[in-house]
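Participant: Order-wise, the sequence lines are chains A and B.
Each residue of the first sequence is one higher than the last, beginning at -7 in this note's numbering.
Each residue of the second sequence is one higher than the last, beginning at 5 in this note's numbering.
In case anyone wonders, no lab produced these hints; they're calculated from the structure.
Among the clues, some could well be false.
Just some of the chain B residues that point at chain A, by a computed CB distance under 10 Å [as the list claims (entries may be wrong)]: (1) D25; (2) W27; (3) R31; (4) R198; (5) L202; (6) A203; (7) R205; (8) R217; (9) H218; (10) L224; (11) D303; (12) P304.
Subject to a maximum C-alpha distance of 25 Å in a straight line, what follows is the list of computed BS3-like cross-link-like pairs (lysine-lysine) [to be verified]: (13) K267/A to K293/A; (14) K199/A to K8/A; (15) K125/B to K196/B; (16) K199/A to K171/A; (17) K125/B to K8/A; (18) K8/A to K196/B.
Output of the computed footprint for chain B on chain A, the stretches with three or more beta carbons under 8 Å from beta carbons of chain B [as the list claims (entries may be wrong)]: (19) 79 to 85; (20) 93 to 99; (21) 102 to 109.
Where is the CB? At the ideal position from N, CA and C, for every residue including glycine.
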Amino acid sequence: MTEATAKPLVQVRGLKMHFPIHAGLFQRHVGDVKAVDDISLDILEGETLGLVGESGCGKSTAGRSVLRLYDITDGSIIIDGTDISSVDQDSLRGFRPRMQMIFQDPQASLNPRMTLADIIGEPLDEHERLSKGQRLGRIYELMDAVGLNREFANRYPHEFSGGQRQRIGIARALALNPKFIVCDEPIAALDVSIQAQVVNLLEDLQKQFGLTYLFISHDLSMIRHIATRVAVMYLGKIVELAPRDALYAEPKHPYTQALLSAVPEPDPAREADRKHIILTGDVPSPSNPPDGCNFCTRCPKVMDICRRIEPVFQELDPGRYAACHLFDTKNTTAEPTAGTRT
Amino acid sequence: MTDIAVNSLANARPPRSQWLDFWEQFRTHRGALFGMTFFLFVLLIVFVGPYLWTLDGQYIDIRARNQGPSLAHPFGTDQLGRDTLSRLMAGGQVSLAVGITAMALSLLLGTLIGVMAGYFKRLDGLLMRLTDLFLALPLLPLLLVIIMLFRDTLRTAFGPETGIFILMVFVIGITSWMQTARIVRGDVLAIKEREFVLASRSIGTPSRRMITRHILPNVLSPIMVSATLGIANAIITESALSFLGLGFPSDFPTWGRLLFDSTDYLQQYPERVLWPGLAISLTVLSVNYVGDGLRDALDPRIRGR
Chain A
-7 MTEATAKPLV QVRGLKMHFP IHAGLFQRHV GDVKAVDDIS LDILEGETLG
43 LVGESGCGKS TAGRSVLRLY DITDGSIIID GTDISSVDQD SLRGFRPRMQ
93 MIFQDPQASL NPRMTLADII GEPLDEHERL SKGQRLGRIY ELMDAVGLNR
143 EFANRYPHEF SGGQRQRIGI ARALALNPKF IVCDEPIAAL DVSIQAQVVN
193 LLEDLQKQFG LTYLFISHDL SMIRHIATRV AVMYLGKIVE LAPRDALYAE
243 PKHPYTQALL SAVPEPDPAR EADRKHIILT GDVPSPSNPP DGCNFCTRCP
293 KVMDICRRIE PVFQELDPGR YAACHLFDTK NTTAEPTAGT RT
Chain B
5 MTDIAVNSLA NARPPRSQWL DFWEQFRTHR GALFGMTFFL FVLLIVFVGP
55 YLWTLDGQYI DIRARNQGPS LAHPFGTDQL GRDTLSRLMA GGQVSLAVGI
105 TAMALSLLLG TLIGVMAGYF KRLDGLLMRL TDLFLALPLL PLLLVIIMLF
155 RDTLRTAFGP ETGIFILMVF VIGITSWMQT ARIVRGDVLA IKEREFVLAS
205 RSIGTPSRRM ITRHILPNVL SPIMVSATLG IANAIITESA LSFLGLGFPS
255 DFPTWGRLLF DSTDYLQQYP ERVLWPGLAI SLTVLSVNYV GDGLRDALDP
305 RIRGR
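I would like the entire structure built from these sequences, with the hints used as guidance.
Facilitator: What follows is the structure, encoded as C-alpha cells:
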C-alpha cells in the first residue's frame, strides 16, 4: 500500500498517561510515573504499525491508553473520525466494537470459569441482539476463522495449550468486526513455533477482514516480519518512527541503532565482525526522567545540548521521524522551538 | 448462519448446559453426596416427622418425667415428661430455619459489601471502616439493645413466634457478615487486576455485568466456605442467645435450647445432651460436606479429576 493514498484511521496527538504517586501519612500527590509522555502517531488504514522498545518503556500502557482502557492524562485520540479522548466510559461503549485488543498473556486474559463459547460470545452478548442459534453460528464462524475445532466449544481455557488460548483471544477480538486491533505482545508468551502460527494467522486475518494493527512487541525480528512502519519507544516517548525497510536499513536515532545492533545475525562470519553498540547503565525511572533528552544518560553520542534541551520529534525525510539533536543541523529553527517546549 | 450450525455441524454438539457438568462433578464427590442425602433426610424428619409422630412436644406428662428411651418415647422424656423426639423435631424446624435464613442474610450482606468495597475504589474506605466498626462492636450489649428496642414492636406486628424469628435472623445476620465481607473484598481486589477483566472492559462490559459475569464466579469458593460455616455459626449463636434468655421464649424448643436445658441433668441423664448435640453437629457436618462438594463442582479446573 502506498502511503499517499491511505488515510489515517487512528490519529494520536500528544498522548500522555501519568500515574500519580501518593505517599506519606495523608496520601499526598508527590509525583507522577510518566508511563507515556507526549506521543503522537498516525496509524494508516490497513497497515500494521509496530511499536518496539525495551521492557518498561510504556509500550503496553500506550496501547491501552489508545483504546481508552485508562483515563488518559492529556492528548487527543481520533479513531475512525471520532475523538474518543475525553468521552466518559459509558458513552465509549458504543465505540468499543470498532477497536479491540489482543492481550499478552493468553492464560490471564481468559476467565477460567467460562467456556470457550461463552468467552467468544461475550462481545456478542454485549453489543448484538442475536438469537441462540445465530449466536452459536457466529461463534462457530469465528472459531473456524482462527482455526479452532468446533468440538472445543464447551471446553474451559485451562484445557488448551498456549497457542490455542491465544487463538481464543483473537477470536474474541474479532467477534464484533473491529477495524482497529491493538496487539499487546500477542506472541511474547508463546514458544517460537507457535509464534509463527499466530503471526501468520494475524496476517491472514488482516487480509481477510481489512484490519489495522498496532502491533506492540519487543521482538525486533518479528516486527520486521509483520510491520509496515515501526515506532521505537524509549522511556515513555517515541524516539523514531519510520517505514520498516528504511528503519532496519539505516536507523537514525542512536537508541534505534543500539537496539538493532542487539539483534543476532544468523551468519556467523558476518556476526563475527559486526559492531555491537552496548549501552551502559539502566533506564532512568519514569517518575523522574532526566532533563533534556530522555536518552542522554545512556546515549553513546551524547552532546552538551542533550542534557539541557528536549529534542523535537521532527520529520527528517518524508515519512521518517526522529527526536534527536544530532539532526538539528538540518533544521536551524529546531532549537528555539525546543526551548519553548521545555 | 443457522444452517451451518445444523448441516455441516451434525457432529459438533452444541454447548452443553453448565449445570449438567456441575451435577456430574458434584456426583463424583462422595462426601458431598452423602452430606446432601443426610441433610435432606434431616429436613424430611424435621418437617414431615411431626405428622407421623403426633405427640405434642409441649404436652406435659409429669408422671412420665425423666424416662429413658422406650417404645412410647424413643428418645426418652425431659424433666417435665415432654417427649424428646417431638421436641427435637419442633426445635429442628426453628433451628434450621434460623440457621439457613440468617446465613443467607449475612452472606448477602457480606458479599454485597465485599464486592462493592473491592470493586469501587471510592466506596472502599467507607465500607471497610464500617466493617471494622461492626467487628469492634461488643456483641452482647449490642444484641441486648437491639432486642430491648425491637422485641415488643415485632411481637405485636407479627405475633410472638414470627416476631422473634425475624428478630433472631436479623440480629444474627447483621453481626456475622464482616468476615465474609473482608475475604470477598480481598479476592475481588486481586481478580479486578487480572487481564480478563481488562479484556472485558475493552469489550465495553458495564460494571454490573462485569461483577456478575467475571468477579462473582471467581470469588465463589470463599463465599461457599463462609456459607457452610455460617449455617453452623447461626445455629450455635441462636442457641447461645436462647440460653441467655434473649432469644425465643424458654418453653419454645430449639436445638440450642434443648441442649442447654439438658446440661443441668448432665450427670443424671447424660444421654439427654446427646440428642440435640448430635443433631446440631451432624447437620453442620453434612452442610460442610455439601459446601465442599459445591465449591469443587463450581470450579471447572477441578472438574474431571
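Participant: Next, verify each hint and record whether it holds.
Facilitator: Hints, verified against the model:
Hint on D25/B holds. Least Cβ distance to chain A is approximately 8 Å, under the 10 Å limit. Violation of the interface hint for W27/B is found here, the shortest Cβ-Cβ separation to chain A being roughly 15 Å, above the 10 Å cut-off. With 10 Å as the threshold, the beta carbon of R31/B stays out of range of chain A, its nearest partner Cβ sitting at about 18 Å, so the hint is violated. Contact between R198/B and chain A, as hinted, is supported at the beta carbon level, the nearest pair being about 6 Å apart and thus within 10 Å.
At a threshold of 10 Å, the smallest CB-CB gap from L202/B to chain A is about 6 Å, leaving the interface hint in force. Of the supplied interface hints, the one on A203/B holds, with its beta-carbon coming within about 5 Å of a beta-carbon of chain A, less than 10 Å. Satisfaction of the interface hint for R205/B is found here, the shortest Cβ-Cβ separation to chain A being roughly 6 Å, below the 10 Å cut-off. Given hint, R217/B at the interface with chain A, holds; its Cβ is 7 Å from that chain's nearest Cβ, closer than 10 Å.
Nearest Cβ of chain A to the Cβ of H218/B: about 6 Å, under the 10 Å cut. The hint holds. A hinted interface residue such as L224/B counts as satisfied when its beta carbon comes closer than 10 Å to some beta carbon of chain A; here the least separation is about 8 Å, so the hint holds. Among the interface hints, the one on D303/B holds; its C-beta lies about 8 Å from the nearest C-beta in chain A, closer than the 10 Å criterion. For P304/B, the suggested interface contact is upheld, since its CB lies about 4 Å from the closest CB of chain A, less than 10 Å.
With a C-alpha separation of about 15 Å, the suggested pair K267/A and K293/A falls inside the 25 Å cut-off, and the hint holds. About 32 Å separates the Cα atoms of K199/A and K8/A, which puts this hinted pair outside 25 Å; it is violated. A hinted pair counts as satisfied when its Cα atoms are at most 25 Å apart, and K125/B with K196/B qualifies at roughly 11 Å. Taking the CA atoms of K199/A and K171/A, the gap is near 12 Å; set against the 25 Å cutoff, the hint holds.
At most 25 Å may separate the alpha-carbon atoms for a hinted pair to count; K125/B and K8/A meet this at roughly 23 Å. Note on K8/A and K196/B: the hinted pairing holds, with a Cα-Cα distance of about 24 Å set against a maximum of 25 Å. Figure legend: the region 79 to 85 of chain A, annotated as covered by chain B; annotation consistent (3 residues with Cβ-Cβ distances under 8 Å, at least 3 required). Residues of the region 93 to 99 of chain A with a Cβ under 8 Å from some Cβ of chain B number 4, which satisfies the need for three, so the listed coverage holds.
Evaluation of the coverage hint for the region 102 to 109 of chain A: fulfilled, as 7 residues show C-beta separations to chain B shorter than 8 Å, against a requirement of three.
The structure fails to meet hints 2, 3, 14 from the earlier list, while all remaining hints are met.
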